[in-house]
Amino acid sequence: MNATELEKAAGQEAPARTRKRQADTGVQPIVRYEHVSKSFGDLEVLHDINLDIAPGEKVAMIGPSGSGKTTLGRMLMTLEEPSGGMITVDGEPLWHMKSKGRLVKANEAHLHRMRGNIGMVFQHFNLFPHMSVLRNVTIGPRKVLGISAEEAHERAVTMLGKVGLGDKLDVYPSMLSGGQKQRVAIARALVMNPKIMVFDEVTSALDPELVGEVLEVIKEIAREGEMAMMLITHEMDFARDVADRVIFGAEGHIVEQGPPEQIFENPQSERLQSFLSRFRLS
Amino acid sequence: MMDVPWNDFYPLLWEGLKVTVEVAVLSALAALVLSLVIGLCRVSKFKTVRIISQICTEVFRGLPLLVLLFWVYFALPFLGVEFDKVTSAVVAIGLNYGAFGSEIVRSAILAVPNGQSEAARALNFSPLQRMIYIILPQAALRMLPPFGNLMIELIKGTSLIYFITLSDLTYQALILRNNFLSMTPYIFLLLLLIYFVLSSFVSVTVRLLERKLAAGRL
Ligand SMILES: Nc1ncnc2c1ncn2[C@@H]1O[C@H](COP(=O)(O)OP(=O)(O)OP(=O)(O)O)[C@@H](O)[C@H]1O
Ligand SMILES: [Mg+2]
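Sequence order for the protein chains is A and B. Counting in my numbering, the first sequence tops out at residue 282, every number present. Counting in my numbering, the second sequence tops out at residue 500, every number present.
With the rest of the complex left out, here is chain A (with noise of 0.2 Å):
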């Protein structure tokens, strides 16, 4: 591999042709990270990250165990906050705040509102486990999006109907497997209507007959469009079906990136190759 060679494998260029690509047509990121860095004390765990997702595009995220892929998307959700950079959503600073002229630290008002743009699904589901699976939907919209109790009842029974629990409203998440519990996370998640939603790893807790139905739930709603995704997985068929997009990372620094063909077909990097020498694709 010559000098070239390693630099386009190590993704240097990518963001700044996604950037560009985007400037072209007029399309402004749903998301965008900045020379972003996170540590944990003194351990640095992601390292100037340059990430662009488009307006529903959807980004698959790969990589080996403590890569950082987590931690990227958790700081997107709001919940660890960046040590350096800048990440901004749909135009504006997602930390950062103007007050006076001046970027500030953003207030928890600041991220209310831009929490608004922002959904996840966790590995570990998290549902409220006091609440109906039905209570569990609507809850939200009732609470946040300050929506009537008709109306979000209604979209609840729409959007679990469509993760195929139309039938599970009254019980509560104790009473479900792993597989229906995570898809009603996802429906939890879908009802607020993010612009992009973060999905980490919401298979890997299932046991594996059931992680199918959960994967199937998120291809229809990849393919009907709008919402962009940040998909983490271990799950490469899926992610080479579902995502425009493969970006892998390993030691927090995003090593390369492209359409799945190139990714899974044609990996440029020996880091990359010796990664998914570990998945036999089908």
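No lab work stands behind these hints, which were simulated from the structure alone. Among these hints, one or two may not hold up.
What the hints assert, rightly or not - Here are some, though not all, of the chain A residues that point toward chain B, as calculated from beta-carbon distances under 10 Å:
id	residue
1	T71
2	R74
3	M77
4	T78
5	M120
6	F125
7	P129
8	H130
9	L134
10	G140
11	Y172
12	A185
13	A189
14	F238
15	F264
Here a beta-carbon is modelled for each residue, glycine too, at the ideal position from N, C-alpha and C.
Use these hints to put chain B with the ligands onto chain A, whose structure you have.
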């Protein structure tokens, strides 16, 4: 078998029971409110609030109830604060048991998995909404059994209020004993039974509440 004049016991014990129940119910309410307020302050995001509330917990938990009672009833009037007997009892017992209760509230809140709070944040709940709709309802279930214990302790604690000359159950039993010295075992047996019934009432109520709250969850 001795001829026990049970009928002479009942009226006095009934009077005492009314005082005991009145003080117990009022101080239980005071203790519960205090527990919640101090407990919530203990998990505040403001450090000053956390520190002040922790000092409250330590002080009122550390003082013997009897000393606290004496302070409120006998010492505070010298500082210009005067309560009647029942209020004094309610303040002292409420503070003492409220301090213990705040620990229950605090640890129950902290025991709710972090993922719950994060999921609520991802749905864009405000911090207050997170507490009200997500954290507290789940914490409440964990609080119930220890609160049941605390309330039973509280009922037993009310037996100290005769030291500030409130004529509660224990006080009346002591009076009766003066009048019927030879009946002492029977009088105290009755006293024991009444306290036992009172605390059983609390146990059963808590268990029913628990079952109701846990419905569907497990
Ligand atoms: N709250 C935290 N405190 C300290 N270190 C953390 C914390 N969260 C994550 N880390 C560290 O940050 C690094 C990246 O973690 P992260 O969970 O983002 O990786 P990941 O790519 O999602 O891994 P996995 O595939 O195992 O989920 C790891 O070394 C992890 O130990
Ligand atoms: Mg992870």
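Results for each hint:
1. T71: Given a least distance of 13 Å, the restraint on T71 (chain A) is violated.
2. R74: holds (8 Å)
3. M77: This interface hint holds because 5 Å falls under the 10 Å limit.
4. T78: holds (7 Å)
5. M120: This hint holds: M120 (chain A) lies near chain B, its Cβ roughly 4 Å from the closest one there, short of 10 Å.
6. F125: Since the shortest Cβ distance to chain B is 8 Å, the answer is holds.
7. P129: Interface hint status for P129 (chain A): holds (5 Å vs cutoff 10 Å).
8. H130: holds (5 Å)
9. L134: Status violated, d = 12 Å.
10. G140: holds (4 Å)
11. Y172: holds (4 Å)
12. A185: Where the cut-off is 10 Å and the nearest Cβ of chain B is about 8 Å from A185 (chain A), the hint holds.
13. A189: holds (7 Å)
14. F238: violated (22 Å)
15. F264: violated (30 Å)
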